[in-house]
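Engineer: Sequence:
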Amino acid sequence: MRAGGSIIFARNQAEKAIVKLEDFIIMKMVGKGTFGKVYLVQNLHTKKIYAMKCIRKDIVIDNEQFENIKLEKDILYTIDHPFIVSMDYVFQNEFRIYFLMKFIKGGELFRHLNKVKRFTEEQARFMITQIAVALGHLHSKNILYRDLKPENILFNEDGYLLLADFGLAKMTKNDELANSFCGTAEYLSPEMIIGNGHDHTVDWWTMGILLYELLVGIPPFFHRNKHRMYFLIKESPVTFPDKTKHGIEVSPLARDLIKKLLDKNKKKRLGASGDVEEVLAHPFFAGIDRQKLITKQIIPPYKPEISDDLKYFDQKLTAKEDFAESVIDEQHRILILQNQDIFKRL
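In terms of the UniProt record's numbering, the sequence shown opens at residue 1 and continues consecutively.
Derived by calculation from the structure, the hints in this document are not laboratory data. There may be inaccurate statements among the hints.
To be verified - Below, a list of computed lysine to any residue pairs in the SDA-like style, where the Cα atoms sit at most 20 Å apart: (1) Lys-48 / Ile-25; (2) Lys-226 / Lys-243; (3) Lys-117 / Thr-78; (4) Lys-243 / Pro-82; (5) Lys-73 / Glu-15; (6) Lys-303 / Gly-217; (7) Lys-32 / Asp-165; (8) Lys-296 / Ala-286; (9) Lys-234 / Ile-193; (10) Lys-48 / Lys-115; (11) Lys-115 / Pro-301; (12) Lys-32 / Lys-149; (13) Lys-105 / Ala-286; (14) Lys-296 / Ile-25; (15) Lys-73 / Ile-59; (16) Lys-260 / Glu-121; (17) Lys-20 / Ala-286; (18) Lys-102 / Asp-175; (19) Lys-70 / Asp-165; (20) Lys-117 / Phe-240; (21) Lys-234 / Leu-253; (22) Lys-117 / Gly-274; (23) Lys-259 / Pro-301; (24) Lys-260 / Pro-241; (25) Lys-70 / Asn-156; (26) Lys-268 / Asp-175; (27) Lys-48 / Ser-86; (28) Lys-149 / Asp-175.
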């Protein structure tokens with residue numbers, strides 16, 4: 001890596017005075033996002049492998065996203081939970097910010113879902129319970145996640161899940177409503193589309209969408225026409241595929257949970273009054289020992305086969321040989337230098 005980066009955070013405080021950005025070498029590119037690229041990197045000294053998210057400062061400035069980037073950093077290094085990705089290091093240099101996290105070998109839930117088409121109810125229950133516990137933990141810290149989808153859930157090699165990507169998360173105070181329009185179209189809640197404010201129940205809506213997609217293979221209100229899809233989200237009741245026609249069976253308990261999570265009235269939605277405790281009290285979750293789940297004493301009903309560290313990542317990206325960081329033109333370099341003071345707040 002290019003020299004000159006200063007360290008902002010190290011999870012192990014003893015390393016803060018020792019570890020440098022140039023200690024990490026880029027191995028592969030494993031993702032591309034709005035603000036930059038994600039690389040697989042290795043520490044030259046410890047040989048440990050990390051995922052490194054490179055964030056271009058000019059794009060952060062252009063999109064007025066500094067507060068969101070700072071919040072993502074604060075969440076990732078503050079949160080310590082078995083089902084949430086945590087930060088190991090944060091660096092910055094003149095033109096970029098670097099987030100380094102443990103590399104999760106199992107890849108995105110999205111890729112596994114694409115491979116198997118849909119999961120069994122036992123598998124889906126195990127997964128969705130972890131997601132509920134993770135969301136409940138965030139809510140206890142007054143954090144709205146707001147971007148639950150299979151692409152933002154990672155499979156650890158032990159078969160357990162990790163919630164990742166906090167780029168759309170928001171800190172709230174007491175009963176304050178958030179008003180930003182954000183998220184993935186198929187997962188948007190009615191109140192997000194209408195724009196009348198949302199709270200923690202927006203995450204329970206997205207969990208209902210996720211559970212449906214895990215069991216059926218497609219989100220419940222999906223439509224190729226986005227405006228039609230938004231209408232369905234706001235107005236249409238959730239329906240389930242006919243078993244005789246499609247060979248897909250969703251149990252009565254799963255249907256009931258999904259319907260209660262997808263109540264279009266956020267005040268009546270499951271989790272509105274009792275949050276995660278109310279959600280996990282639903283009989284769909286009966287039989288899962290939460291303490292054993294959190295301490296990972298339950299054998300996962302679905303476990304990814306890890307033979308190649310990059311098997312579950314986009315091969316079009318990981319096959320590339322040019323790992324050079326994107327060139328920032330002179331105009332944007334000047335923009336960054338003129339606004340450098342804001343990044344001191346990281």
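Engineer: For each hint, tell me whether it holds in the structure or not.
Structural biologist: Verification of the supplied hints:
{"no.": "1", "hint": "Lys-48 / Ile-25", "verdict": "holds (11 Å)"}
{"no.": "2", "hint": "Lys-226 / Lys-243", "verdict": "violated (27 Å)"}
{"no.": "3", "hint": "Lys-117 / Thr-78", "verdict": "violated (35 Å)"}
{"no.": "4", "hint": "Lys-243 / Pro-82", "verdict": "violated (36 Å)"}
{"no.": "5", "hint": "Lys-73 / Glu-15", "verdict": "holds (18 Å)"}
{"no.": "6", "hint": "Lys-303 / Gly-217", "verdict": "holds (18 Å)"}
{"no.": "7", "hint": "Lys-32 / Asp-165", "verdict": "holds (13 Å)"}
{"no.": "8", "hint": "Lys-296 / Ala-286", "verdict": "holds (17 Å)"}
{"no.": "9", "hint": "Lys-234 / Ile-193", "verdict": "holds (8 Å)"}
{"no.": "10", "hint": "Lys-48 / Lys-115", "verdict": "violated (29 Å)"}
{"no.": "11", "hint": "Lys-115 / Pro-301", "verdict": "holds (16 Å)"}
{"no.": "12", "hint": "Lys-32 / Lys-149", "verdict": "holds (17 Å)"}
{"no.": "13", "hint": "Lys-105 / Ala-286", "verdict": "violated (30 Å)"}
{"no.": "14", "hint": "Lys-296 / Ile-25", "verdict": "violated (32 Å)"}
{"no.": "15", "hint": "Lys-73 / Ile-59", "verdict": "holds (17 Å)"}
{"no.": "16", "hint": "Lys-260 / Glu-121", "verdict": "holds (17 Å)"}
{"no.": "17", "hint": "Lys-20 / Ala-286", "verdict": "violated (48 Å)"}
{"no.": "18", "hint": "Lys-102 / Asp-175", "verdict": "violated (34 Å)"}
{"no.": "19", "hint": "Lys-70 / Asp-165", "verdict": "holds (13 Å)"}
{"no.": "20", "hint": "Lys-117 / Phe-240", "verdict": "holds (16 Å)"}
{"no.": "21", "hint": "Lys-234 / Leu-253", "verdict": "violated (24 Å)"}
{"no.": "22", "hint": "Lys-117 / Gly-274", "verdict": "violated (33 Å)"}
{"no.": "23", "hint": "Lys-259 / Pro-301", "verdict": "violated (25 Å)"}
{"no.": "24", "hint": "Lys-260 / Pro-241", "verdict": "holds (18 Å)"}
{"no.": "25", "hint": "Lys-70 / Asn-156", "verdict": "violated (26 Å)"}
{"no.": "26", "hint": "Lys-268 / Asp-175", "verdict": "holds (16 Å)"}
{"no.": "27", "hint": "Lys-48 / Ser-86", "verdict": "holds (15 Å)"}
{"no.": "28", "hint": "Lys-149 / Asp-175", "verdict": "violated (25 Å)"}
When the structure is compared with the earlier hints, violations turn up for hints 2, 3, 4, 10, 13, 14, 17, 18, 21, 22, 23, 25, 28 and for no others.
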